[in-house]
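Let's have the full structure, built from the sequences with the hints guiding it.
Quick note, the sequence shown lines up with residues 1 to 307 if you use full-length UniProt numbering.
Since the hints were made in silico from the structure, they are not lab data.
Glycine included, each C-beta is placed from N, C-alpha and C at the ideal position.
Do not take every clue at face value.
List time: in silico DSS-like cross-link candidates among lysine-lysine, alpha-carbon distance up to 27 Å [claimed, not checked]:
#1 K188 / K242
#2 K262 / K239
#3 K307 / K288
#4 K242 / K287
#5 K212 / K188
#6 K239 / K288
#7 K212 / K167
#8 K167 / K188
#9 K212 / K239
#10 K12 / K167
#11 K239 / K167
#12 K262 / K242
#13 K212 / K262
#14 K204 / K188
#15 K107 / K212
#16 K287 / K262
Label-pair distances were calculated between CB atoms; the ranges are [claimed, not checked]:
#17 D8 / R81: 14 to 24 Å
#18 P210 / K188: 33 to 43 Å
#19 T160 / G251: 40 to 50 Å
#20 T296 / D89: 35 to 45 Å
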Amino acid sequence: MTDISFPDMRGKLTSQRPLSDLTWLRVGGVADYLYQPADADDLAAFMRALPETVSVFPMGVGSNLIVRDGGLRAVVIRLGRGFNQIEIDGDHVIAGAAALDAHVARKAADAGLDLTFLRTIPGSIGGAVRMNAGCYGSYTADHFVSAQAITRSGDLVTLTAQDLDFKYRQTTLDDGCVVISATFAPPKGDPDTLHARMETQLRKRDETQPTKDRSAGSTFRNPAGFSSTGQADDRHDLKAWKVIDDAGMRGATLGGAQMSPKHPNFLINTGGATAAELEGLGEEVRKKVYDSSGITLEWEIMRIGEK
Numbered sequence: 001m002t003d004i005s006f007p008d009m010r011g012k013l014t015s016q017r018p019l020s021d022l023t024w025l026r027v028g029g030v031a032d033y034l035y036q037p038a039d040a041d042d043l044a045a046f047m048r049a050l051p052e053t054v055s056v057f058p059m060g061v062g063s064n065l066i067v068r069d070g071g072l073r074a075v076v077i078r079l080g081r082g083f084n085q086i087e088i089d090g091d092h093v094i095a096g097a098a099a100l101d102a103h104v105a106r107k108a109a110d111a112g113l114d115l116t117f118l119r120t121i122p123g124s125i126g127g128a129v130r131m132n133a134g135c136y137g138s139y140t141a142d143h144f145v146s147a148q149a150i151t152r153s154g155d156l157v158t159l160t161a162q163d164l165d166f167k168y169r170q171t172t173l174d175d176g177c178v179v180i181s182a183t184f185a186p187p188k189g190d191p192d193t194l195h196a197r198m199e200t201q202l203r204k205r206d207e208t209q210p211t212k213d214r215s216a217g218s219t220f221r222n223p224a225g226f227s228s229t230g231q232a233d234d235r236h237d238l239k240a241w242k243v244i245d246d247a248g249m250r251g252a253t254l255g256g257a258q259m260s261p262k263h264p265n266f267l268i269n270t271g272g273a274t275a276a277e278l279e280g281l282g283e284e285v286r287k288k289v290y291d292s293s294g295i296t297l298e299w300e301i302m303r304i305g306e307k
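As structure tokens, then:
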């Protein structure tokens, strides 16, 4: 990629930035550039100045991401402290895209607002909006009011649920569009009850998931059923972990990659795994599941970059 120079920008631009230390799985190659904007105005100016031919990839905390070993031919946009505010405005919660899901859930509970489903989701609000993150039968879309975003051309826009067209684990957010904040209207609840519920959720998570291992959360989406409106969702009994287990892939390994013996829908780096081994094991699982049950598992972990 041609060298990029923006003398007026206030954020931090780093060339040839390894991405492995920015992902939970600790694998992956080098990005051409990493940009950390100072604030929304800085990000908008950067996007306007960036040549249209240059690809942009917005990156959160890397909790549900495999960066392939060949790296990424793009400018990675990573939001930091200027984008992690959490505000309570009456019955609404306004959160910056870099705010951690768990922090938003706790602050909302303090105010008697129920976003408890976010407490055990390992990510940030930008990713929750982009992927319609969900847990315990609740989805981001259920409480979403609007989001602010910077487009690839550098415009500040407000996005509605109709604009994003929420579906199971996906939206229609344009590539290169960077969510900078989101507003939610959660149901009310007693703060003590909400915090107690989250503590119960945490205990259940630690009992059933490999929280001490190096993973990226759920590897595959649950095989989707369909709601009364025809929308795909996972609020039914068919779960990815069960079809993986039935296919005999609990604990399966490839190099340093392993499907967790504790929860077979968690792909873990046991130490020294490459991105190729992690993705390769995932593809082996998909094949075994299809051969044994006829079900095609869909990746929940995003995989980016060159092999």
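*Index of numbered hints that the structure contradicts, given in increasing order*: 1, 5, 7, 10
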